[in-house]
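Novice: Below, each chain spelled out in residue letters.
There are 2 protein chains.
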Amino acid sequence: MTDTALHPFDRAVALRPVEGQPGLYEGHTSQDYWNMVGPFGGITAAILLQGALRHPQLLGSPLSLTVNYASAVVAGAFQVQATPVRTNRSTQHWLLQLLQADENGEQQITTTATLVTALRRETWSQSDLPMPQAPAAGELERMTMPGKAVAWVQQYELRAVSGALPTHWDGRGDHSRSQLWLRDAQARPLDFLSLAAMSDIFYPRIWLRRATPVPAGTVSITTYFHTDLAQLAEVGTGYLLGDARGQAFSNGFFDQSAELWSEAGELLATSNQIVYYKE
Amino acid sequence: MTDTALHPFDRAVALRPVEGQPGLYEGHTSQDYWNMVGPFGGITAAILLQGALRHPQLLGSPLSLTVNYASAVVAGAFQVQATPVRTNRSTQHWLLQLLQADENGEQQITTTATLVTALRRETWSQSDLPMPQAPAAGELERMTMPGKAVAWVQQYELRAVSGALPTHWDGRGDHSRSQLWLRDAQARPLDFLSLAAMSDIFYPRIWLRRATPVPAGTVSITTYFHTDLAQLAEVGTGYLLGDARGQAFSNGFFDQSAELWSEAGELLATSNQIVYYKE
Numbered sequence: 001m002t003d004t005a006l007h008p009f010d011r012a013v014a015l016r017p018v019e020g021q022p023g024l025y026e027g028h029t030s031q032d033y034w035n036m037v038g039p040f041g042g043i044t045a046a047i048l049l050q051g052a053l054r055h056p057q058l059l060g061s062p063l064s065l066t067v068n069y070a071s072a073v074v075a076g077a078f079q080v081q082a083t084p085v086r087t088n089r090s091t092q093h094w095l096l097q098l099l100q101a102d103e104n105g106e107q108q109i110t111t112t113a114t115l116v117t118a119l120r121r122e123t124w125s126q127s128d129l130p131m132p133q134a135p136a137a138g139e140l141e142r143m144t145m146p147g148k149a150v151a152w153v154q155q156y157e158l159r160a161v162s163g164a165l166p167t168h169w170d171g172r173g174d175h176s177r178s179q180l181w182l183r184d185a186q187a188r189p190l191d192f193l194s195l196a197a198m199s200d201i202f203y204p205r206i207w208l209r210r211a212t213p214v215p216a217g218t219v220s221i222t223t224y225f226h227t228d229l230a231q232l233a234e235v236g237t238g239y240l241l242g243d244a245r246g247q248a249f250s251n252g253f254f255d256q257s258a259e260l261w262s263e264a265g266e267l268l269a270t271s272n273q274i275v276y277y278k279e
Numbered sequence: 280m281t282d283t284a285l286h287p288f289d290r291a292v293a294l295r296p297v298e299g300q301p302g303l304y305e306g307h308t309s310q311d312y313w314n315m316v317g318p319f320g321g322i323t324a325a326i327l328l329q330g331a332l333r334h335p336q337l338l339g340s341p342l343s344l345t346v347n348y349a350s351a352v353v354a355g356a357f358q359v360q361a362t363p364v365r366t367n368r369s370t371q372h373w374l375l376q377l378l379q380a381d382e383n384g385e386q387q388i389t390t391t392a393t394l395v396t397a398l399r400r401e402t403w404s405q406s407d408l409p410m411p412q413a414p415a416a417g418e419l420e421r422m423t424m425p426g427k428a429v430a431w432v433q434q435y436e437l438r439a440v441s442g443a444l445p446t447h448w449d450g451r452g453d454h455s456r457s458q459l460w461l462r463d464a465q466a467r468p469l470d471f472l473s474l475a476a477m478s479d480i481f482y483p484r485i486w487l488r489r490a491t492p493v494p495a496g497t498v499s500i501t502t503y504f505h506t507d508l509a510q511l512a513e514v515g516t517g518y519l520l521g522d523a524r525g526q527a528f529s530n531g532f533f534d535q536s537a538e539l540w541s542e543a544g545e546l547l548a549t550s551n552q553i554v555y556y557k558e
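Read top to bottom, the protein sequences are chains R and L. 1 is the number of the first residue of the first sequence in my numbering; add one for each residue after it. 280 is the number of the first residue of the second sequence in my numbering; add one for each residue after it.
To be clear, the hints were calculated from the coordinates, so they are not data collected in a lab. Take these hints with a grain of salt, some might be off.
Stated by the list, open to error - What follows is a list of derived Cβ distance ranges for each label pair:
#1 R:Glu141 - L:Gly450: 23 to 33 Å
#2 R:Arg89 - L:His447: 42 to 52 Å
#3 R:Ser125 - L:Ala512: 25 to 35 Å
#4 R:Pro215 - L:Asp507: 28 to 38 Å
#5 R:Arg89 - L:Gly450: 42 to 52 Å
#6 R:Glu19 - L:Ser441: 26 to 36 Å
#7 L:Glu298 - R:Glu279: 18 to 28 Å
#8 L:Gly450 - R:Ala185: 44 to 54 Å
#9 R:Ala185 - L:Pro468: 26 to 36 Å
#10 R:His175 - L:Asp507: 22 to 32 Å
#11 L:Glu418 - R:Arg172: 50 to 60 Å
#12 L:Pro411 - R:Ala185: 54 to 64 Å
Stated by the list, open to error - Taking beta-carbon pairs under 10 Å as the criterion, some of the chain L residues facing chain R (in silico):
#13 Leu342
#14 Ala349
#15 Gln371
#16 Asn383
#17 Gly384
#18 Glu385
#19 Gln386
#20 Thr402
#21 Ser455
#22 Gln458
#23 Leu461
#24 Gln465
#25 Thr491
#26 Tyr518
#27 Ile553
#28 Lys557
The beta-carbon is built from N, C-alpha and C at its ideal position, and this holds for glycine as well.
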């Protein structure tokens, strides 16, 4: 688990199958993707997805992933249980769980997820969400984070087109939209795992909307994948353009939606999440 | 299960607890909400939600519901299993399953779902999705469906502002957006169950986008609830304004997003789904 020849992302999502128990894996949290009080939600999503992608019964590729952050994941060992509950001709439905031992050594569920994988066939296709106009990534400065920035943010190269973190937390926010170029800070070809993680890269929209850093955390995220292995291979280590905005902020919870395009303008993923906030 | 004094919706979502097995219920499909080859997806979502709402350990009210349509539900009896997998101070995480007996009498999972319920506290609140301008419902004609229309559609009063079903299936569609007023055809005060069902009321966007009625069906739907019991009571039997559009149509699957507002302009729910389509 500490093979330094591996990319930090691959170390973070590494799973070791438990012999004789199909779909059960062991893993360990990574400090490289640590958030304030637990792992970056995106890395947890990728770890759960990995449980299905490594399963010998896997059919097709990821279509829809919902991850529910039921309780805090603590630093240390965890288990992933991936169960294909229904396999159809062209779709497969999964239940995924991340578990950690409590003080009595009993495994407790910290995170639940459902996943649909699918065999895709060529059909009429059309994206009605064109990529927004944006300056090329190379024309924009790389975002630098304040000294106290959380670890996972350092794993990404982010170049904001608009909606960077507020520089004045003066409570005067008037919108919640961010557009930014992003990719792994240490080059790594895009795959479904990193795409799942990157779908959660947009900091809580309420910070921007209110220019106030209230406590906030994702409760549940759903990502739809609109891509395939061939297209991901074409993207390689290129940038993605991300676009995210908050929608309804109501009594402690708000939702935010996001899209991720390739530099070539292909919509790779759409994602929505519901986020807890305080005050 | 056939109490004709009940509203058809209440008959359709009726569940009978199985004694001695907490969270396990028995129910029966309703012809009133039948779609082409199975129940309307929205009624299945409401039935699963009902399993949690009737559970004695329920904390708070619905926040986020994801329903995965793993296989066809057939006419007849079913079971619902609702399991609270984690209860926190202000949120509760659920696994929900709908099961039907196969030819050998063994219960098989047809539908999986995850739900988050939450206790909400008054906080700073703001909707950044204002209700679109639309003529009042009373100024619009009620949509009439062709004779072969499926049963569930008859349970709703729909008044299209724009984006009604194509009248010419000529393959010349150029957008996928519908705005419509909607409510139960037989008056029934809005609750979380009917709101969950109504979030799935928008027919497959690909029919409108292509003006071609290709086979299509929801694979997974996620609905975020931005409302509470007091606000639902205010809506009562009033209309909701729905707004929906497709996003990415790619090799057999597309996603569509939707919002539902009260007549007073309050955003009650936002919903996304991923839909299978052929050709």
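Novice: Taking the closest Cβ pair, is Gln386 of chain L under 10 Å from chain R?
Specialist: Violated, about 12 Å.
Novice: So, Leu342 of chain L near chain R? Judge it on the closest CB pair being under 10 Å.
Specialist: Nearest chain R Cβ about 6 Å off; hint holds.
Novice: Given a hinted range of 54 to 64 Å, is it respected by the beta-carbon distance of Pro411 of chain L and Ala185 of chain R?
Specialist: Between Pro411 of chain L and Ala185 of chain R, where Cβ atoms are some 41 Å apart, the hint is violated.
Novice: Taking the CB of Arg89 of chain R and the CB of His447 of chain L, does the distance hold inside 42 to 52 Å?
Specialist: Violated: the Cβ-Cβ distance is about 33 Å, outside 42 to 52 Å.
Novice: Can you tell me whether the CB distance of Arg89 of chain R to Gly450 of chain L sits inside 42 to 52 Å?
Specialist: violated, 27 Å
Novice: For the range 23 to 33 Å, tell me whether the beta carbons of Glu141 of chain R and Gly450 of chain L fit it or not.
Specialist: Cβ of Glu141 of chain R to Cβ of Gly450 of chain L: about 47 Å, so the range 23 to 33 Å is violated.
Novice: Are Gln371 of chain L and chain R close enough, Cβ to Cβ, to be under 10 Å, as the hint says?
Specialist: Holds, about 9 Å.
Novice: Taking the Cβ atom of Ala185 of chain R and the Cβ atom of Pro468 of chain L, is their distance within the range 26 to 36 Å?
Specialist: The hinted range 26 to 36 Å is violated for Ala185 of chain R and Pro468 of chain L, with Cβ atoms some 53 Å apart.
Novice: His175 of chain R and Asp507 of chain L, beta-carbon distance inside 22 to 32 Å?
Specialist: For Asp507 of chain L against His175 of chain R, whose Cβ atoms are near 26 Å apart, the range 22 to 32 Å holds.
Novice: At the C-beta level, are Gly450 of chain L and Ala185 of chain R separated by a distance inside 44 to 54 Å?
Specialist: holds, 47 Å
Novice: Would the hint on Gln458 of chain L stand, with a C-beta cut-off of 10 Å toward chain R?
Specialist: With Cβ-Cβ at 16 Å, over 10 Å, it is violated.
Novice: Does the closest beta carbon of chain R sit nearer than 10 Å to the beta carbon of Thr491 of chain L?
Specialist: holds, 9 Å
In this structure, the earlier hints numbered 1, 2, 3, 4, 5, 6, 7, 9, 11, 12, 16, 17, 18, 19, 22, 23, 24, 26 are contradicted, and the remaining ones agree with it.
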